[in-house]
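2 protein chains.
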Amino acid sequence: MNEVPGMETRVSSAGREVVIGRARPTVLIGERINPTGKKRLKESLQAGQMDQVLLEAEWQVRAGADILDVNVGAGGVDEIKMLPKVVAAILETFDIPLCLDSSHPAAIEAALAVYPGKPLINSVSAEEDSLESVLPLVKRAGAAVIGLALDEEGISSDPEKRLAAAQKIVARAEALGIPRSDVIIDCLMLSVAVNKEEGLKTLETIRLVRESLGVNITLGLSNISFGLPDRERINGIFLAAALGQGLTCPIVDVVKIKPFVMAADLVLGRDDYALRYIDYYRKNRKGGLGR
Amino acid sequence: MNEVPGMETRVSSAGREVVIGRARPTVLIGERINPTGKKRLKESLQAGQMDQVLLEAEWQVRAGADILDVNVGAGGVDEIKMLPKVVAAILETFDIPLCLDSSHPAAIEAALAVYPGKPLINSVSAEEDSLESVLPLVKRAGAAVIGLALDEEGISSDPEKRLAAAQKIVARAEALGIPRSDVIIDCLMLSVAVNKEEGLKTLETIRLVRESLGVNITLGLSNISFGLPDRERINGIFLAAALGQGLTCPIVDVVKIKPFVMAADLVLGRDDYALRYIDYYRKNRKGGLGR
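Same order as they appear, the protein sequences are chains X and R. Numbered by my numbering, the letters in the first sequence go through residues 200 to 490 in order. Numbered by my numbering, the letters in the second sequence go through residues 200 to 490 in order.
So here's chain X without its partners, still in its complex pose:
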C-alpha cells in the first residue's frame, strides 16, 4: 500500500495550541454551541445575551473538549454581528481554540478579525462558490479549514466520489498556498436508520482519504444515530470503528462521548501504560466513567 504519511494540524487560541494527528490522542471538537434545536440558546442569541453560550462552553470544556465549534446561525440572528461577539465572549472566559462555523463567509471574516490565534474554519466544500469565497479567507488568516467531502451534486453515496471532492478541495487549497496539513476533511455521515450501508460508506471514505491524502479527518458523529434509541452507545461504538480507520478530530457532544474516546485511545495504542485512561477513570468513577 502506497499510503501517504499522516500529517499534523495545529490550531491555537491566544495561549493554547492543539495538535491534531494520527499518533496522538483523539482531539475532540465540542459541537454544542449551535442553536439548531436548542430553544434557550436560540432565544438568548436572538436577545444578544451570552449566558447560554458560556454555559454550553463550560460544560464542553469541563468534559474535556480540545476545540469548541461556534455556530450562531438561527432566524433573527445577524451572524455577521453575532459571531464575532460570541467568539470574543468565549475567549474572554476560556483559553481554547475555536472552530468558526458559519455558512456565511462574511460572518467568518468578521469573527477572524477578533480572533487572536490560528482558528479552524468550518467549512469549505468542493462547490465552486464555496472554494472561491472561503479559501482566500483561510489563506489570508493563516487558518486551518474543514473541507466537506461534497460538491454541487451533494453528498455522494459513493466513497470514491467523496474522495474526489476531498482531493479537489486539497488541490485548490494548495494552489492558493494553504498547506495540505491545514485542511481537515469531513467525510460526512448520514443515519443508519435510513440506509444500513451509511456507516460502511463513511468508514470507506475515511480509509480512502487517509490513504490517498494523509490529511486529518473529522466527522459530525451524531448523525449516524438520528431517529434511534440509546444514541450515545451507537455513536460511541461507531466512533471506535472510525478512529480505527483514521478519524482524528470528531465533532461531538464531549460530555457524552468522552468515556468512549478514552477507551478507544487506549485500545488503539494512543495511551502509554493506560495512564490517561486510569487517570480519567479515577476522576470520573461515579457510575463508571460518567455513565
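Calculated directly from the structure, the hints in this document are not laboratory data. Mixed in with the good hints, there may be bad ones.
A pair holds if it fits inside one copy or across any two, identical chains being indistinguishable in the list.
Simulated crosslink set (SDA-like; lysine to any residue; CA at most 25 Å straight-line) [stated by the list, open to error]:
1. Lys241 x Ala273
2. Lys482 x Pro428
3. Lys395 x Leu474
4. Lys395 x Lys482
5. Lys238 x Gly316
6. Lys455 x Pro428
7. Lys367 x Arg481
8. Lys237 x Thr292
9. Lys360 x Glu202
10. Lys455 x Arg430
11. Lys482 x Phe425
12. Lys280 x Lys338
13. Lys395 x Gly205
14. Lys237 x Arg430
15. Lys455 x Glu352
16. Lys280 x Gly341
17. Lys237 x Pro378
18. Lys395 x Gly468
19. Lys395 x Ala273
20. Lys284 x Leu253
21. Lys317 x Glu396
22. Lys395 x Val218
Fit chain R to the given chain X structure using the hints.
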C-alpha cells in the same frame, strides 16, 4: 487490493445450525463455561455436578449466545471423562452448537463421540504436535476448528508472523481434506495495560488474515482489558474496531458484550432498517440496553 472473498462456516447442534460469515450478524461464542478463576464452577466440576455448568449456560443462552464454549480444565477434573458428560448435559437442556475446548486431544475425541451435530473444536495451533494430534480429529468428525495464530515460538508481536502461523494451519488442514471454510483463525489478544500496541497488533493481524485467507476470525476479547477498570466498555469499544476489520465470531461473556454487538452490527451495515437493534432495545430497555 486482491482480497480473498470471505467465506461461511457452518456449525450445528442436533436441531440448530449457526452460519458464521462477514455479511451476517456477528456470531457470539459464550466464554463462561470455564472453571478458570470461578471457584463454584470448579468445585462443582470436581464433584461431578452439572448445576453450575447449566446455570452459566442458561445465562449465556438467554443473553443471546449463538455457540457455547465448553472447557472443564481444572485440577482434580478428569477431562476425558468430564468433557463428554458436560457436553451431553448441556445438549440435553439447550439445542445450541458447542465449541469443544480442551488442551487434551483425547478429551476432545471423547466429547466428539457424544456430539450429535457439527461442533467447533478449540483449538489447534501451528505447533507441529498440535497439527498432528488435532487436525485428524477434526477431519474424522467433519468438525470446524479454531486455529490459534501461534507456533513453537509462542505469540509473536509481529502481525506478519501471526499470519504465517495462520497460513500454516490452513495449508495443513486443506492437505488433510478439511475445507478452508471450516478453519476459524484466533488472531490473539494481549492486554493493552502491558503494551499499548497490543490492540493495533491484533487489528493488523485481523486485516492480514481477512485479506489473504478470507476465513472467519475469532478472538478471546476480554484479554485486552486485563488489569484495567471498567473492562466492559474497553472490551466493547475494541470489539467495534475489530468487527470493522473482519472479526466475525468473538469469544465473549455474552451477558456483558451483547449491547455493544447490537450497536456494532447496526453501524457496520448488518441490520436492515435497524430492526434487530430496535427489537433488542425494546426488550432490554431497563437501564438502557442492559446497562
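Cross-check of the supplied hints:
In this assembly of identical chains, the alpha carbons of Lys241 and Ala273 lie at most 25 Å apart only when taken from the same copy (7 Å versus 64 Å across copies). Taking the shortest alpha-carbon separations for Lys482 and Pro428, only the inter-copy value of 12 Å comes in at or below 25 Å, while the best intra-copy value is 28 Å. Proximity of Lys395 to Leu474 under the C-alpha cut-off of 25 Å is restricted to the inter-copy arrangement: shortest distance 10 Å between copies versus 37 Å within a copy. Only between protomers do Lys395 and Lys482 lie at most 25 Å apart by alpha-carbon distance; the minimum there is 21 Å, versus 37 Å within a single protomer.
In this homomeric assembly, Lys238 and Gly316 never come within 25 Å of each other (Cα to Cα): the closest approach is 31 Å inside a single copy and 60 Å across copies. In the homo-oligomer, the alpha carbons of Lys455 and Pro428 lie at most 25 Å apart both inside one protomer (14 Å) and across protomers (19 Å), since each shortest distance falls under that limit. For the identical chains of this complex, Lys367 and Arg481 are neighbours neither inside a copy (46 Å) nor across copies (45 Å), given an alpha-carbon limit of 25 Å. Proximity of Lys237 and Thr292 under a CA criterion of 25 Å is satisfied intra-copy only: 22 Å inside one chain copy versus 54 Å between copies.
In this assembly of identical chains, the alpha carbons of Lys360 and Glu202 lie at most 25 Å apart whether taken from the same copy (19 Å) or from different copies (22 Å). With identical chains, the CA atoms of Lys455 and Arg430 are at most 25 Å apart both within one copy (10 Å) and between copies (18 Å). In this assembly of identical chains, Lys482 and Phe425 lie within 25 Å of each other by CA distance solely across copies; the values are 20 Å between and 31 Å within a copy. Within a single copy, Lys280 and Lys338 get their C-alpha atoms as close as 22 Å, which meets the 25 Å cut-off; across copies the closest is 76 Å, which misses it.
Proximity of Lys395 to Gly205 under the C-alpha cut-off of 25 Å is restricted to the inter-copy arrangement: shortest distance 20 Å between copies versus 30 Å within a copy. With identical chains, the CA atoms of Lys237 and Arg430 are at most 25 Å apart within one copy only, with a shortest distance of 18 Å there and 35 Å across copies. For a Cα distance limit of 25 Å, the shortest separation of Lys455 from Glu352 qualifies neither inside one copy, at 33 Å, nor across copies, at 44 Å. Taking the shortest Cα distances, Lys280 and Gly341 sit within 25 Å of each other inside one copy (22 Å), while across copies they are farther apart (75 Å).
Proximity of Lys237 and Pro378 under a CA criterion of 25 Å is satisfied in neither setting, with 36 Å inside one chain copy and 58 Å between copies. Proximity of Lys395 and Gly468 under a CA criterion of 25 Å is satisfied inter-copy only: 5 Å between copies versus 29 Å inside one chain copy. For the identical chains of this complex, Lys395 and Ala273 are neighbours neither inside a copy (31 Å) nor across copies (45 Å), given an alpha-carbon limit of 25 Å. In this assembly of identical chains, the alpha carbons of Lys284 and Leu253 lie at most 25 Å apart only when taken from the same copy (12 Å versus 66 Å across copies).
For the identical chains of this complex, Lys317 and Glu396 are neighbours neither inside a copy (37 Å) nor across copies (33 Å), given an alpha-carbon limit of 25 Å. When the C-alpha separation of Lys395 and Val218 is checked against a cutoff of 25 Å, the pair qualifies only between copies, where the shortest distance is 21 Å, while the shortest distance within a copy is 34 Å.
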